[in-house]
Amino acid sequence: MTKLLSLLSLLALTLLAGGCLAPPAYTPVERYQQIGRNWDYEGQQAVEDWDHIALLRPASRLTIWSVR
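Residue numbers (our numbering): 113 to 180.
Warning: the hint list may mix true and false statements.
Restraint ranges, calculated between C-beta atoms of paired labels, are given here [unchecked claim]:
{"#": "1", "residue 1": "Thr-126", "residue 2": "Asp-161", "range": "34 to 40 Å"}
{"#": "2", "residue 1": "Asp-152", "residue 2": "Met-113", "range": "49 to 55 Å"}
{"#": "3", "residue 1": "Asp-161", "residue 2": "Leu-119", "range": "52 to 58 Å"}
{"#": "4", "residue 1": "Val-159", "residue 2": "Tyr-138", "range": "25 to 31 Å"}
{"#": "5", "residue 1": "Leu-167", "residue 2": "Ala-124", "range": "30 to 36 Å"}
{"#": "6", "residue 1": "Ile-147", "residue 2": "Arg-169", "range": "26 to 32 Å"}
{"#": "7", "residue 1": "Lys-115", "residue 2": "Gln-146", "range": "32 to 38 Å"}
{"#": "8", "residue 1": "Gln-146", "residue 2": "Leu-120", "range": "49 to 55 Å"}
{"#": "9", "residue 1": "Leu-122", "residue 2": "His-164", "range": "55 to 61 Å"}
{"#": "10", "residue 1": "Gln-156", "residue 2": "Ala-124", "range": "41 to 47 Å"}
In short, the hints are calculated from the structure, not lab data.
Small disclaimer: the values here were computed from a predicted structure and weren't measured.
The C-beta atom is built at its ideal place from N, Cα and C for all residues, glycine as well.
Could you put the whole structure together from the sequences, leaning on the hints where they help?
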């Protein structure tokens, strides 16, 4: 029983100390900044799509198509 407990604790320490659970390329702050930028862009796209559907204004710089 003690061998199993010590093996599990060693395995848990290895996972936590080795960084296996963290994203490999970015720090948490950088990751949250990326997520924030993505949410901002998606929000702008949603507003633009709604304005296009409701014919409130023409497409803005977010559109890749030439509509003029």
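Comparing the hints with the structure gives:
1. Checked against the hint of 34 to 40 Å, the C-beta distance between Thr-126 and Asp-161 comes to roughly 47 Å, which is inconsistent with it.
2. Between Asp-152 and Met-113, the C-beta spacing of about 53 Å keeps the proposed range 49 to 55 Å intact.
3. For the pair Asp-161 and Leu-119, the beta carbons lie near 54 Å from each other, so the given range of 52 to 58 Å is met.
4. A hinted range of 25 to 31 Å for the beta carbons of Val-159 and Tyr-138 is consistent with their spacing of about 28 Å.
5. In this structure the supplied range 30 to 36 Å is violated for Leu-167 paired with Ala-124, their Cβ-Cβ distance being about 58 Å.
6. At roughly 28 Å, the beta carbons of Ile-147 and Arg-169 sit within the given window of 26 to 32 Å.
7. Taking the beta carbon of each, Lys-115 and Gln-146 are about 43 Å apart, not inside 32 to 38 Å as hinted.
8. The beta-carbon spacing between Gln-146 and Leu-120, approximately 35 Å, falls outside the hinted interval of 49 to 55 Å.
9. For the hinted restraint 55 to 61 Å between Leu-122 and His-164, the CB-CB distance of approximately 58 Å keeps it satisfied.
10. A C-beta distance of roughly 43 Å is found between Gln-156 and Ala-124, which places it inside the suggested range of 41 to 47 Å.
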